[in-house]
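Participant: Take the sequences, apply the hints, and build the full model.
2 protein chains.
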Amino acid sequence: MQQHSPTTKVWDTHRREKQRRIESVQAVAQGKVLPTEQITAILETLIAPGDRVVMEGNNQKQADFLSRMLAKANPEKLHDLHMIMPSVSRAEHLDLFEHGIARKLDFAFSGPQSLRIAQLLEDGMMEIGAIHTYIELYSRLYVDLVPNIALIAGFKADRKGNLYTGASTEDTPALVEAAAFKNGIVIAQVNELVDDENDLPRVDIPGSWIDFVVVADKPFFIEPLFTRDPRLIKPVHVLMGMMAIKGIYAKHQVQSLNHGIGFNTAAIELLLPTYGEQLGLKGKICKHWTLNPHPTLIPAIESGWVDTVHCFGGELGMEEYIAARPDVFFTGSDGSMRSNRAFCQLAGQYAVDMFIGSTLQVDGLANSSTVTRGRLAGFGGAPNMGHDPHGRRHPTPAWLDMIEEPDPMARGRKLVVQMVETFQAGGKPTFVEKLEAIDVAKASGMPLAPVMIYGDDVTHVLTEEGIAHLHRARSLEERRAMVAAVAGITDVGLGVDAKRIAELRRQELVVFPEDMGIRRTDATRSLLAASSVGELVDWSGGLYNPPAKFRSW
Amino acid sequence: MQQHSPTTKVWDTHRREKQRRIESVQAVAQGKVLPTEQITAILETLIAPGDRVVMEGNNQKQADFLSRMLAKANPEKLHDLHMIMPSVSRAEHLDLFEHGIARKLDFAFSGPQSLRIAQLLEDGMMEIGAIHTYIELYSRLYVDLVPNIALIAGFKADRKGNLYTGASTEDTPALVEAAAFKNGIVIAQVNELVDDENDLPRVDIPGSWIDFVVVADKPFFIEPLFTRDPRLIKPVHVLMGMMAIKGIYAKHQVQSLNHGIGFNTAAIELLLPTYGEQLGLKGKICKHWTLNPHPTLIPAIESGWVDTVHCFGGELGMEEYIAARPDVFFTGSDGSMRSNRAFCQLAGQYAVDMFIGSTLQVDGLANSSTVTRGRLAGFGGAPNMGHDPHGRRHPTPAWLDMIEEPDPMARGRKLVVQMVETFQAGGKPTFVEKLEAIDVAKASGMPLAPVMIYGDDVTHVLTEEGIAHLHRARSLEERRAMVAAVAGITDVGLGVDAKRIAELRRQELVVFPEDMGIRRTDATRSLLAASSVGELVDWSGGLYNPPAKFRSW
Chain R
1 MQQHSPTTKV WDTHRREKQR RIESVQAVAQ GKVLPTEQIT AILETLIAPG
51 DRVVMEGNNQ KQADFLSRML AKANPEKLHD LHMIMPSVSR AEHLDLFEHG
101 IARKLDFAFS GPQSLRIAQL LEDGMMEIGA IHTYIELYSR LYVDLVPNIA
151 LIAGFKADRK GNLYTGASTE DTPALVEAAA FKNGIVIAQV NELVDDENDL
201 PRVDIPGSWI DFVVVADKPF FIEPLFTRDP RLIKPVHVLM GMMAIKGIYA
251 KHQVQSLNHG IGFNTAAIEL LLPTYGEQLG LKGKICKHWT LNPHPTLIPA
301 IESGWVDTVH CFGGELGMEE YIAARPDVFF TGSDGSMRSN RAFCQLAGQY
351 AVDMFIGSTL QVDGLANSST VTRGRLAGFG GAPNMGHDPH GRRHPTPAWL
401 DMIEEPDPMA RGRKLVVQMV ETFQAGGKPT FVEKLEAIDV AKASGMPLAP
451 VMIYGDDVTH VLTEEGIAHL HRARSLEERR AMVAAVAGIT DVGLGVDAKR
501 IAELRRQELV VFPEDMGIRR TDATRSLLAA SSVGELVDWS GGLYNPPAKF
551 RSW
Chain A
1 MQQHSPTTKV WDTHRREKQR RIESVQAVAQ GKVLPTEQIT AILETLIAPG
51 DRVVMEGNNQ KQADFLSRML AKANPEKLHD LHMIMPSVSR AEHLDLFEHG
101 IARKLDFAFS GPQSLRIAQL LEDGMMEIGA IHTYIELYSR LYVDLVPNIA
151 LIAGFKADRK GNLYTGASTE DTPALVEAAA FKNGIVIAQV NELVDDENDL
201 PRVDIPGSWI DFVVVADKPF FIEPLFTRDP RLIKPVHVLM GMMAIKGIYA
251 KHQVQSLNHG IGFNTAAIEL LLPTYGEQLG LKGKICKHWT LNPHPTLIPA
301 IESGWVDTVH CFGGELGMEE YIAARPDVFF TGSDGSMRSN RAFCQLAGQY
351 AVDMFIGSTL QVDGLANSST VTRGRLAGFG GAPNMGHDPH GRRHPTPAWL
401 DMIEEPDPMA RGRKLVVQMV ETFQAGGKPT FVEKLEAIDV AKASGMPLAP
451 VMIYGDDVTH VLTEEGIAHL HRARSLEERR AMVAAVAGIT DVGLGVDAKR
501 IAELRRQELV VFPEDMGIRR TDATRSLLAA SSVGELVDWS GGLYNPPAKF
551 RSW
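From first to last, the protein sequence lines stand for chains R and A. Here the first sequence stands for residues 1 to 553, numbered as in our numbering. Here the second sequence stands for residues 1 to 553, numbered as in our numbering.
To be clear, the hints were calculated from the coordinates, so they are not data collected in a lab. Hints may be right or wrong, so weigh each one.
Copies of the same chain look alike in the list, so a pair counts if it works inside one copy or between any two.
Taking lysine to any residue and the SDA-like style, the derived pairs with C-alpha atoms no more than 25 Å apart in a straight line are [to be verified]:
#  : residue 1 : residue 2
1  : LYS246    : PHE423
2  : LYS9      : ILE22
3  : LYS160    : ARG15
4  : LYS160    : ASP334
5  : LYS282    : ASP51
6  : LYS442    : LEU115
7  : LYS32     : PRO201
8  : LYS284    : ALA130
9  : LYS246    : THR521
10 : LYS32     : ALA73
11 : LYS282    : GLY50
12 : LYS428    : GLY493
13 : LYS218    : SER532
14 : LYS160    : GLY335
15 : LYS246    : ASP144
16 : LYS287    : VAL10
17 : LYS160    : VAL194
18 : LYS284    : ARG413
19 : LYS287    : HIS82
20 : LYS77     : PRO547
21 : LYS160    : ALA27
22 : LYS104    : ARG411
23 : LYS442    : ASP401
24 : LYS442    : PRO408
25 : LYS442    : MET409
26 : LYS251    : ASP144
27 : LYS287    : ARG15
28 : LYS32     : GLY335
It should be emphasised that the depicted structure is a prediction, and the values quoted were computed from it without experimental measurement.
Facilitator: Pasting the structure below:
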C-alpha cells in the first residue's frame, strides 16, 4: 500500500458557503420568501463573482423577472458570471454581458438574440463555452457545469418553497435538481405566493429543493411559438404532406414520432383526418407523439388518430383543451398539463420511430443547417431528435424496416426525414454546394461548423419533387445523386441528369408523386381538415383559446 | 373544411378508472396508507388484468415487498399483466409469469435471472416485448409503454405520500412521473412511515405524485454490486491500467468519464494516486465522473483527483463516506446522497469524454457482447454510454482529438474503449470469429443479435498486448488487422502476421507497452493505492463501511 497521510482537506466548502450566503440575507427574508422590491440587492448578496448561474429561459417559460433584476446589478459587485441558459431569448439576457456582469455563456438556443450574440463576441464582451442541444446542456449540469445558482420560474409557490410550475413544467426540474443536490442556491420567481401547500394545484418541485421564492412584479412571459395558422399552408405543403403520409409514414409503419414546427409538418397534421383516413391508415400510424401541443394536431386528436402526446413545453391557448383531453396528454392530479423537456427529448431520441422537420440549407450529401451569416442561433432540440441513436437496442417495425439486407449484426435505424421545398421564400435555394455554417464557424472561431443534422443520419429527403430514400444509398456517390434527384432546379439538382434520375426511380431509390399514385392536382388546400385558426377552435369545441395575434379569422 | 360531427367521445377514461379503483379500496385504506397484511388483496383490486405494471427493480433498490405480495395474487383475478422492469433480479419477478399472473415482459437487465427467462420463453409462459437499455425503457414510459400502475420503493414516507427514497434515488423519479401524470396509480412500499413531512430527511418525490404508501414487512433489499476487492486485481490488470492512463487518458486529455465495473477499471481507479501522480496528471485528467460510488475510487478522491461524481445508484457501505464528501458527490439538504439513474445515464451519454468497460466476447471488428448461450442478460446501461452520440454538438479536447483530418464538417467522437484480456478465466478466448449472441438471437426469435457495443462505435481496444487506436482505422480491413494485432494468440489474433503488426505499430495505429515507455515488469500490485478492502477503509478514515462479505481482510 502507498503511504498516505490523514487528510486535512475540508470536504464541504460548497455547503458552508451556501449556508453563509443564506444567512447573509436573513435580515431581509421572511423564511424562504424574498421581498420583490429588494431583489437586485439580494441577488448581489446571494451570488458571487465568477459563479456559474443557471438562468431559466426556455421556449416558453422565462424567469424574466429575475433576469431583468439581475441585469440591474452593480458590475463592481457582480461580475464574471458564467451564465448557463437553455434559451437566450430576451434582451436583458445579453445586457448582462454588455454591463460586465456576466462574462461566459453556455447555451442551447438563441432565436431573436442570435445577431446580438455574434456582435458581443466580436466586441470581446462575451466568451462562449459551447453551444449545445438542450439535453446536452442539462447533462453537463451533472458533470462539469454544476451550477452555484439556479434562477427559475414557477406559477405558484407556498411559503415552504413547494412549487407549482404551471401548465407547462418544461426545463425546471432538470435545472433545479443539479443545483439543489450539489449545494447550489435555488431561487424561484412566482406569479403568486400562497400560504399553504393545500392552496397549490399540485406540487411539481418539493419545497426542500427550493431555497427562496420571490413574487415577480408581473407574471412570467410566454410566447406562442408552435402555433401555425392553417391559412398560410400552401398547396405545395399539401402535396409534400401527402407524399410524407403515403410514401414514408404508411410505407414504414411509423407509429411514434416527433414533428418540427414548419408549415410542412402542420400540413401533415391536418391531412391525417382527411387524406390519411382515405388511405385507411387510422390506428396504423402516428399513434404516439413527442410534441409541443400544436393546435394543428387538434383535428387528428378529435378524429381519434392520437393515443398519446408527451410535451416538451406548452403552447399558449391550448391549456383548456389539454386539460379536457387527459387520455391523450400528460396531466397532473389538478388536471393541468405536466410537460418535461428533459424526458420528452429523451423520448424523442430513444423511443420514437421518426423525426421529421424542415431546415434552411441542405448540401449535396444532406447535411443541413439553420445557421446563416452573422447569426449564432444554436441547436435547440433538433440534433438530439434528428440523429440515429446508436445506443438504441429495442426494435420497432419502422426501425427494423431501415435494414436493407437480412443480417443479425445489422442495426435498425431511426427515420430522420428532412422535408424542404427546393427554394426558400425569396428564391434562395435550399440546396447548396456548401453550407453557410462553414464560414460562420470560421468567422466565430468555432472548432466545427454548426451543422444541425448530419447527412449520414438522414434517412429521407422529401421535397415537392419527390422522396429520396437515402437509407438505401449504397455509396456516397449514390447518396449525392439521390439528393440531387429531388433538389429541383437548384445547382445541386442540376448536377444529375435525367437518365440517372430515371434509373434511381426504377430502383425506387427515389420516388416521385406519380410513382406513389399521388396526383399533383389532388393536392389542394381543401384537403386540410382545418383551413384557419377559427376552424381549429371549432374542432376543439371552443376549448382552444388562440392568442390575440391569431384571432383574425 | 372537412365535415366533422361534434365529438361524443369520453376523454378521461383513465382518470375515471383510476378514481373508481381508488374508491374501491377506501374501506381498507387509511387515507393514502394501505395495511401491510392485506396488500395482496388490495393489489388484486387496484390492478386489473392486462394492465401495464411498472415494477421498480434496479441495480440496488428493489420494491421486493410489493413484488413478493403481487406474486401471491390469485391468477383468476389478476392475469395477463404486462410487466415493465428496469431490472429483473429476483425470483418472484419470474414467479409472476410461472403463476400466470403476468404474460408480457419489457425489461433492460436481468442478471441472475437470465437463464430462467430463457426457459420461460421456451416454455411459452412469457412473451418478451423488447430488451432495452435503462434509458430507452424510461423513454418508452412517455410514449408507447405508459404504465397503468407503478410499484416502487422508498425509505420513508409521510401520511401524505411525500417520499424520501433514501441515500440512493436511482430510477424512482423516472418511473413515478410517467404514471403519476398519466392517471396511473402509484404505490410505494417504504421501510418506515412518519406522521409529518418534517420527520422526513428530505422529500425526493412530492406526495401529490404518490397515491398509496404501504409499510413493507422488512426493509427493501439492496445488493453491493459495484464493490471490487483490490486483492483480486492481478498484475495484468495493473499493466492494462497503466496503458489506459498513459496511452488513452493522458494522450487524449480525458477529463470526464464513466468506468465499467470490472477489475480492469478498478485497477485504473487505484493507479491514479500512484502511477497517475508519477506522470504528473493530477488535475489534468479524470476530474468528472458519472459512476456508481465505487469503493475503489476512494484513494483517488482522498488524493484530490476527483472534482465531482454523479451516481446512477448507490453502493452499500458507502453512505457515510459520501455524506462526508458533499463537495464531490451530489447530496441533499439532509446530507445523504441523491442518485438519479435517468440523469446519470444522460450525462454518461452526452456529457462525458469517455466510456471504458470490459466485456465477454469481441469479434474481429470489435463488436462485443456479454450474452452467452442460454442467457438473456439484457443490456443495462452499457450501450447507452458505449456509443458515439451523434446528437452531441458541444466540443471538448478529447472529443475533438478523435478527428483525424482538419475538416469543419467532421464531428468529434466520444471515446469508447473496450478493455479486455485476450482470454477469459478458464482459457476461453475473448476474441472470437463470431459472437455467440448471433445464435442466441436465432434460438430466441430475436430480430437482431443482442450486441452490447457495436464495433463502429468503438474507438480503442485495449488488451494486455497493447492498444488498437480504431478511431484511426481507414478501412474495415485495417480495423480488422488492428483488432487482431492486440488479440494475442486467439484465432482472431493469429489472423495477422508479424510484418503487418510492425507496420501498424510504425504508424502508431497500434501501440504496445514498450511503444509507450511502459515496462511490463513495472506492472506489479505494489503500484495499487490500496491492495485490500481494509486499506480502502483506511483511506476513507473509517467512513467506508464494507458489507460483511467483503470484511475478510
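Participant: All hints, please: hold or fail.
Facilitator: Hint-by-hint comparison with the structure:
1. LYS246 - PHE423: within (23 Å within a copy, 52 Å between copies)
2. LYS9 - ILE22: within (24 Å within a copy, 53 Å between copies)
3. LYS160 - ARG15: Within one copy only: 20 Å inside a chain, 29 Å across chains, cut-off 25 Å.
4. LYS160 - ASP334: both (20 Å within a copy, 16 Å between copies)
5. LYS282 - ASP51: So LYS282 and ASP51 pass the 25 Å test across copies only (24 Å; inside, 53 Å).
6. LYS442 - LEU115: within (16 Å within a copy, 56 Å between copies)
7. LYS32 - PRO201: both (20 Å within a copy, 18 Å between copies)
8. LYS284 - ALA130: between (41 Å within a copy, 20 Å between copies)
9. LYS246 - THR521: Result: close within a single copy only, 16 Å intra versus 66 Å inter.
10. LYS32 - ALA73: within (21 Å within a copy, 47 Å between copies)
11. LYS282 - GLY50: between (56 Å within a copy, 23 Å between copies)
12. LYS428 - GLY493: within (14 Å within a copy, 56 Å between copies)
13. LYS218 - SER532: neither (32 Å within a copy, 61 Å between copies)
14. LYS160 - GLY335: The answer is both: 23 Å in one copy and 19 Å across copies each meet 25 Å.
15. LYS246 - ASP144: between (46 Å within a copy, 23 Å between copies)
16. LYS287 - VAL10: between (54 Å within a copy, 18 Å between copies)
17. LYS160 - VAL194: For LYS160 and VAL194, both the intra-copy (10 Å) and inter-copy (19 Å) Cα distances are at most 25 Å.
18. LYS284 - ARG413: Classified as within: same-chain Cα gap 20 Å, cross-chain 38 Å, threshold 25 Å.
19. LYS287 - HIS82: The answer is between: 19 Å across copies meets 25 Å, while 42 Å in one copy does not.
20. LYS77 - PRO547: Neither way: LYS77 and PRO547 sit 41 Å apart in one copy and 50 Å across, limit 25 Å.
21. LYS160 - ALA27: Classified as within; 18 Å inside a copy, 33 Å across copies.
22. LYS104 - ARG411: between (41 Å within a copy, 24 Å between copies)
23. LYS442 - ASP401: Between. Shortest inter-copy distance 19 Å satisfies the 25 Å Cα cut-off; intra-copy 39 Å does not.
24. LYS442 - PRO408: Answer is between; shortest inter-copy Cα gap is 9 Å, intra-copy 43 Å.
25. LYS442 - MET409: Answer is between; shortest inter-copy Cα gap is 12 Å, intra-copy 40 Å.
26. LYS251 - ASP144: between (44 Å within a copy, 20 Å between copies)
27. LYS287 - ARG15: between (47 Å within a copy, 20 Å between copies)
28. LYS32 - GLY335: Between copies only: 20 Å across, 28 Å inside.
The structure is inconsistent with the numbered hints 13, 20, although it conforms to all the rest.
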